[in-house]
Amino acid sequence: MYRFFSSILVLFFAASAFAQTDSTDTEGTSAILPKQQQLRIGFDISKPIFNALSKTKQSYEFTVDYCLPKEIYLVAEGGFGGANIDYADLKYSSSNTFFRVGIDKSMLQRLFPNDWDFLFVGIRYGVAIINRSEATYLTSDPVWGTTTGTIASKSFSGHWAELTAGLRVELFRGFFIRFVENFYSINLHFANCHPHL
Amino acid sequence: MIRNSCLFVFSLLRFFTQKFWLPTTYCVLLTAYCLSSCEQQRDPCLQPTTAYLRLRSMKNVADTTVADSLLPNPRWSAIDSGVTLIFGRRTGSFSLSLNASADSSRYAIQPDSAVFSFDTLTFFYDRRLQFLSNACGYTYFYNLRSIKTTNHNVDSVLLRNNEVNGNVNTPDHVQVFF
Chain A
1 MYRFFSSILV LFFAASAFAQ TDSTDTEGTS AILPKQQQLR IGFDISKPIF NALSKTKQSY
61 EFTVDYCLPK EIYLVAEGGF GGANIDYADL KYSSSNTFFR VGIDKSMLQR LFPNDWDFLF
121 VGIRYGVAII NRSEATYLTS DPVWGTTTGT IASKSFSGHW AELTAGLRVE LFRGFFIRFV
181 ENFYSINLHF ANCHPHL
Chain D
1 MIRNSCLFVF SLLRFFTQKF WLPTTYCVLL TAYCLSSCEQ QRDPCLQPTT AYLRLRSMKN
61 VADTTVADSL LPNPRWSAID SGVTLIFGRR TGSFSLSLNA SADSSRYAIQ PDSAVFSFDT
121 LTFFYDRRLQ FLSNACGYTY FYNLRSIKTT NHNVDSVLLR NNEVNGNVNT PDHVQVFF
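Chains A and D supply the protein sequences, listed in that same order. Each residue of the first sequence is one higher than the one before, counting from 1 in this note's numbering. Each residue of the second sequence is one higher than the one before, counting from 1 in this note's numbering.
None of these hints come from the bench; they were simulated from the model. Check the hints yourself; a few may be wrong.
[What the hints assert, rightly or not] Selected chain A positions facing chain D (Cβ under 10 Å, derived; list incomplete): (1) 81; (2) 85; (3) 87; (4) 89; (5) 114; (6) 119; (7) 123; (8) 127; (9) 139.
[Unchecked claim] Cβ-Cβ distance ranges computed for the label pairs, FRET-style: (10) D:11 / A:93: 44 to 54 Å; (11) A:48 / D:161: 28 to 38 Å; (12) A:155 / D:23: 51 to 61 Å; (13) D:152 / A:186: 14 to 24 Å; (14) A:149 / D:106: 42 to 52 Å; (15) D:134 / A:174: 16 to 26 Å; (16) A:183 / D:11: 50 to 60 Å.
This one's a predicted model, so the numbers in the text were calculated from it and none came from an experiment. We treat Cβ as the ideally placed atom computed from N, Cα and C, and that holds for glycine.
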């Protein structure tokens, strides 16, 4: 099973926790010097905005990436969230925790050694654990009237793969903005996948 | 060629992001706001939420041949709820809902509303709760086990398809012979 993600632009601010180069002045060249390292920690600033505006859903997401040779970045992302569905005919709450690892590959060469801006594509492997509370439902029928009931709480887990693409630009020294789009996802397996069964 | 195009696009994006990162961020947050505003409302339910039992009235025209039998002015009454369903003249196909609060449903069939003659059909089934979506909530699917009928106008009933799950691309569930 696979599907396309909706094209939601996700915004990351990332602060450089450690940046080091042993470069000499190579301005004007596109050389990539060895031992160039950078570890960035970031969080998705769009999530709190969504959280403040949404009555039913909340989520938080964090990311860490580390520069490897050949313009490849090792990426780890994680987050948590939940939803509270409260309709007349359906009530339940859920919580989830997820973790993704993968790599981003820069599509372009650096303009200079400390050029950390890049246009990238990446892949991710993700796992998630979801817990659903006891659900209350109501069905209605014009002939027989309404029927209500409850369904016991349930936990399930799953994993998936996804393709990403985006842009990262350094706004100030050690401070980045990143636009990421998860545009394709393959749902590999969900154990007890349906939260309502 | 492709590389130069990518480089050009990237340069443009980088330029705009660096120079106009505040407006860009504002646009992103505005997009987030709009999307969140849309999320406030429940998505519309775009699928049927009731799995109907489909019946067809039939008649035997020869020993091994059957044909549709259009009832002159049929009425189906749900005996335990008191609701009567009035169908159009000369109808031979019916959709009935089953009682989700019980394991059986009783209907009285009057083939012609001008004639005071009824038969009672009792449908016995197993219920299965089914989640459709957050937009549509839950519904019940049924597994028909048996049907009991009186025989004033009805000759017999034939259970052809016992899965009542809202799939209209399956055979009618019950044939009622008059």
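Status of each hint after checking the structure:
Annotation: interface hint on residue 81 of chain A violated; nearest CB of chain D at approximately 13 Å, more than 10 Å. Interface restraint check for residue 85 of chain A: the shortest CB-CB distance to chain D comes to about 6 Å, inside 10 Å, so the restraint holds. Checking residue 87 of chain A against chain D by beta carbon gives a least distance of about 6 Å; that is within 10 Å, so the hint holds. For residue 89 of chain A, the interface hint holds, the least distance from its beta-carbon to any beta-carbon of chain D being 4 Å, beneath 10 Å.
Annotation: interface hint on residue 114 of chain A violated; nearest CB of chain D at approximately 14 Å, more than 10 Å. Among the interface hints, the one on residue 119 of chain A holds; its C-beta lies about 4 Å from the nearest C-beta in chain D, closer than the 10 Å criterion. Checking residue 123 of chain A against chain D: minimum C-beta separation of about 19 Å lies over 10 Å; hint violated. At a threshold of 10 Å, the smallest CB-CB gap from residue 127 of chain A to chain D is about 23 Å, leaving the interface hint violated.
Below 10 Å, beta-carbon pairs count as interface contacts, and residue 139 of chain A has one with chain D at about 6 Å; its hint therefore holds. Restraint check, residue 11 of chain D to residue 93 of chain A: a C-beta distance of roughly 47 Å satisfies the suggested window 44 to 54 Å. Look at residue 48 of chain A against residue 161 of chain D: about 52 Å separates their beta carbons, and that is not inside 28 to 38 Å. The hinted range of 51 to 61 Å is not satisfied by residue 155 of chain A and residue 23 of chain D, whose Cβ atoms lie roughly 43 Å apart.
For the hinted restraint 14 to 24 Å between residue 152 of chain D and residue 186 of chain A, the CB-CB distance of approximately 60 Å leaves it violated. In this structure the supplied range 42 to 52 Å is violated for residue 149 of chain A paired with residue 106 of chain D, their Cβ-Cβ distance being about 22 Å. In this structure, residue 134 of chain D and residue 174 of chain A break the distance hint of 16 to 26 Å, their C-beta atoms being roughly 42 Å apart. The hint said 50 to 60 Å for the Cβ distance between residue 183 of chain A and residue 11 of chain D, and at roughly 22 Å that hint is violated.
Checked against the numbered hints above, the structure violates hints 1, 5, 7, 8, 11, 12, 13, 14, 15 and 16; every other hint is satisfied.
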